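**Q** Here is how the chains run, residue by residue.
Protein chains: 2
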Amino acid sequence: MEPYELDATQAAQLIAARQLSCEELARSTLAHVARREPQVKAWAHIDPAQVVRNARELDTGQGGSALHGSTWGVKDVIDTRDMPTSQNSAIYLGHRPSKDAACVAVARHSGALILGKTETAEFAAGGRLPATRNPHNVLHTPGASSSGSAAAVGSCMAQLALATQTGGSLIRPAAYNGICGFKPTHGLVSTEGAKMFAPTLDTIGWYARSVADLSLAARVFGLAADAPRRPDGVRGLRVGLCRGPNRAHIEPDGESALLTAARRLADAGAIVEELDLPEPFERMTEAHRTIMRGEGRATFLCEYLAHRPQLHRSFIDLAENADGIGHGDLLRALDHAAACRVAFDALFGPRLHLLLTPPAPGEAPLASESEGSMIFNAMWTALHVPCISIPAGTGRRGLPLGVQLVAPRGRDSELLGMAQACAEVFGD
Amino acid sequence: MEPYELDATQAAQLIAARQLSCEELARSTLAHVARREPQVKAWAHIDPAQVVRNARELDTGQGGSALHGSTWGVKDVIDTRDMPTSQNSAIYLGHRPSKDAACVAVARHSGALILGKTETAEFAAGGRLPATRNPHNVLHTPGASSSGSAAAVGSCMAQLALATQTGGSLIRPAAYNGICGFKPTHGLVSTEGAKMFAPTLDTIGWYARSVADLSLAARVFGLAADAPRRPDGVRGLRVGLCRGPNRAHIEPDGESALLTAARRLADAGAIVEELDLPEPFERMTEAHRTIMRGEGRATFLCEYLAHRPQLHRSFIDLAENADGIGHGDLLRALDHAAACRVAFDALFGPRLHLLLTPPAPGEAPLASESEGSMIFNAMWTALHVPCISIPAGTGRRGLPLGVQLVAPRGRDSELLGMAQACAEVFGD
Chain A
1 MEPYELDATQ AAQLIAARQL SCEELARSTL AHVARREPQV KAWAHIDPAQ VVRNARELDT
61 GQGGSALHGS TWGVKDVIDT RDMPTSQNSA IYLGHRPSKD AACVAVARHS GALILGKTET
121 AEFAAGGRLP ATRNPHNVLH TPGASSSGSA AAVGSCMAQL ALATQTGGSL IRPAAYNGIC
181 GFKPTHGLVS TEGAKMFAPT LDTIGWYARS VADLSLAARV FGLAADAPRR PDGVRGLRVG
241 LCRGPNRAHI EPDGESALLT AARRLADAGA IVEELDLPEP FERMTEAHRT IMRGEGRATF
301 LCEYLAHRPQ LHRSFIDLAE NADGIGHGDL LRALDHAAAC RVAFDALFGP RLHLLLTPPA
361 PGEAPLASES EGSMIFNAMW TALHVPCISI PAGTGRRGLP LGVQLVAPRG RDSELLGMAQ
421 ACAEVFGD
Chain B
1 MEPYELDATQ AAQLIAARQL SCEELARSTL AHVARREPQV KAWAHIDPAQ VVRNARELDT
61 GQGGSALHGS TWGVKDVIDT RDMPTSQNSA IYLGHRPSKD AACVAVARHS GALILGKTET
121 AEFAAGGRLP ATRNPHNVLH TPGASSSGSA AAVGSCMAQL ALATQTGGSL IRPAAYNGIC
181 GFKPTHGLVS TEGAKMFAPT LDTIGWYARS VADLSLAARV FGLAADAPRR PDGVRGLRVG
241 LCRGPNRAHI EPDGESALLT AARRLADAGA IVEELDLPEP FERMTEAHRT IMRGEGRATF
301 LCEYLAHRPQ LHRSFIDLAE NADGIGHGDL LRALDHAAAC RVAFDALFGP RLHLLLTPPA
361 PGEAPLASES EGSMIFNAMW TALHVPCISI PAGTGRRGLP LGVQLVAPRG RDSELLGMAQ
421 ACAEVFGD
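For the record, the sequence lines run as chains A and B. Mapping the first sequence onto full-length UniProt numbering, position 15 (from 1) lands on 15, and the numbers just tick up by one. Mapping the second sequence onto full-length UniProt numbering, position 424 (from 1) lands on 424, and the numbers just tick up by one.
Wrong hints could be hidden among the right ones.
As the list claims (entries may be wrong) - Computed footprint of chain B on chain A; a stretch qualifies when at least three of its residues, placed anywhere within it, have a C-beta under 8 Å from a C-beta of chain B:
id	segment
1	129 to 138
2	182 to 193
3	196 to 205
4	286 to 299
5	327 to 333
Said to hold, decoys possible - With the Cβ distance kept under 8 Å, some of the chain B side facing chain A (calculated, not the full set):
id	residue
6	Arg-18
7	Gly-94
8	His-95
9	Val-106
10	His-109
11	Asn-246
12	Ala-338
13	Glu-414
The set of hints was computed from the structure by calculation and includes no laboratory data. Computed from a predicted model, the values in this text were never measured in an experiment. Beta carbons are placed, not taken as given, at the ideal position from N, Cα and C, and that holds for glycine.
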């Protein structure tokens, strides 16, 4: 096994035992990037010489952190002090931020080796699409705006990658690229230094090749301080099988992955029951859209006024409020989402521990047709709940499928623990 | 009258008529700064040569905007591309951001002449206090973290100034400095590029010497598109005189200002009635504190990890969660605030148009004793409602007093219109 194939948890053990240096891991990864990047196109910026220099510094510096030397991609809407942050926008092409975004600073302080910036949709919102292709089949989309981060991890060009979700940009690409993705509870990871789109929705999260690596990163962000490991695996776990208000959009492959996961959980001793959400949740997809576009109006005013000719039409529409979303519409949507958050959390307790739900309709569509739909993500984003996507087999076209696990707000640590147990069952 | 004494509305008319140049206004203002700054200490950074250069550019450039040539201070937690943004923190001393914060870019695009950066509490939060003194009596505090912006406007060193409010940092200093302050509905002005403290509370607003100037700026931020002028002044306006849950903290001077304002409104034909808020609002001050400190924990993690020795003890306490605020506590406070927002807006309609309430307990305390209390601001911040402070006479020590006007969320434009009518009545 080459070093680049190790996940961060495995590599950390070897690095701590001085059986692997950060530089060796970096060089192995860079050699793999040189092979894979021409097809996958995950990177907006990567400077191998800089990576090796930083890896050497990590080797001479103090270790101790469990992330020491781990290799990271950073979505190119997140500021980095030593690399450009272009946001896939003509306005900010080659822009050099003066400091790291908060999440980058936290990762770096914990020993992360930032390899480079990963491709994104323009401002992580729309407009210009990323150049990235799905590493499992380059004719297919890697997903939405976090494509570069997901494809980098999915093709073993990075162990971890920072990403963002405002609609479905984090969880859907995780499923499409056959990796693990974690969207924490909204507000628990600072978004400072990441491009804003709709602050009520914008959430920083990360990708990894294992749930253990998701937890490793969660710990440095203060989200898995106690990361409880379930002694009995999934035995006794009460799982709600929840297709949600948009169930009609589940494709046969997605349905099959969901049912297989449910069956494996039940076989391993979990109590799986179908769960329907009450009526107010039917309106959450629309509320999400109103919040996203209503808040986007204020967010893109600056670029609209100062750089209009370099802005994709979709942002001009946002700033000009082409949808005609009034302040009252936005406030009603915000209030509806707030009320549903309380109602959602109240579903949980001794009789329900987590939801099992689709992360996407099915396999990744052809890149020529679509980048996929956020329909199985929008509601959870607006509910602020922690979500994890984990791999769950492949579909008819041989592309990865995933399932999504959802817990109530603030239960990030417990969700990571339950996801670890579930992943062990699915991995059979 | 010297040009620096004009408000932005007056100056704009002269500039548009070519009876005043931006450079003349800038030079007059700079001469006044040279006289007043040694006592007031409002500026963290001001470079007169740069100001004159930028004013000349405005004179040669296209006019047309109503803010063209207006003079602005920018609170030093808000990024500026051509001036340092030190945040009154040893960590960021002399830091040069690579781009303007969104609100600065919007103001600049609208012709604002940024004079310099104004003094702030460390990270607009606490820790190191600003050096600023109250321009009406330098032995007294100018207020909280937006002190520099408020004192700059209050001493005629700027016509307008950008500020922020997370607790009471915008409205209270407006009252203490005898000026107008506007905190818009949360979320309607992008906070991108301003230091985050508690994103659910952080709000960008501005100071001016007249309500007309507040509206002028509101228009460029898309908040006063229709800025309705009340044809009958305050006649028929239904005003709730609301001392709020912390009424016991109102000082005699503050009470007197409130009653005088209420009497003048009634004399001019407004219908003023006492209004008590129901029980849930009694818990809003505590909910605000829980949100501020709970969210601050994530926000300052980055500085805590990477720059701990340069951080004031109060931020270490925040990041280490010295208060022991759990995720559950934070979520309960967020949900309580969300529910109160709905209940608050529902109070308004044909029988209630706005609230009249104190912006601070009374006159500015001695700087040696206190920077004042946010007790009459915290609830409104967490309710996300638009607030305006306008001058309302002086107290026993000859220091300015103010009153605060509050409207439901999203009614910023109407509030500005009502505040204009109220200010005309108070100004008698």
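**Q** Now look at each hint and say whether the structure bears it out.
**A** We went through each hint and held it up to the structure:
For a cut-off of 8 Å, the count of residues in the segment 129 to 138 of chain A with a CB near a CB of chain B stands at 0, and the three-residue condition is violated. By the rule of at least three residues with a Cβ nearer than 8 Å to a Cβ of chain B, the coverage given for the segment 182 to 193 of chain A holds, with 7 such residues. Restraint check on the segment 196 to 205 of chain A versus chain B: 3 residues with Cβ-Cβ distances below 8 Å, three needed, restraint holds. Residues of the segment 286 to 299 of chain A lying with their CB closer than 8 Å to a CB of chain B number 4, which satisfies the three-residue condition for coverage.
Note: the segment 327 to 333 of chain A has 4 residues with beta-carbon separation from chain B under 8 Å; the three-residue rule is met and the coverage holds. Interface hint status for Arg-18(B): violated, as the beta-carbon distance to the closest one in chain A is roughly 25 Å, over 8 Å. Checking Gly-94(B) against chain A: minimum C-beta separation of about 11 Å lies over 8 Å; hint violated. A least Cβ separation of about 7 Å between His-95(B) and chain A falls short of the 8 Å threshold, and the interface hint therefore holds.
With 8 Å as the threshold, the beta carbon of Val-106(B) comes within range of chain A, its nearest partner Cβ sitting at about 5 Å, so the hint holds. This hint holds: His-109(B) has a C-beta 4 Å from the nearest C-beta of chain A, less than the 8 Å allowed. For Asn-246(B), the interface hint is violated, since its Cβ never comes within 8 Å of a Cβ in chain A; the closest pair sits about 25 Å apart. Annotation: interface hint on Ala-338(B) holds; nearest CB of chain A at approximately 4 Å, less than 8 Å.
Restraint check, Glu-414(B) versus chain A: the minimum CB separation of about 11 Å is more than 8 Å; hint violated.
Violation of the numbered hints given earlier is confined to hints 1, 6, 7, 11, 13; the remaining hints are satisfied by the structure.
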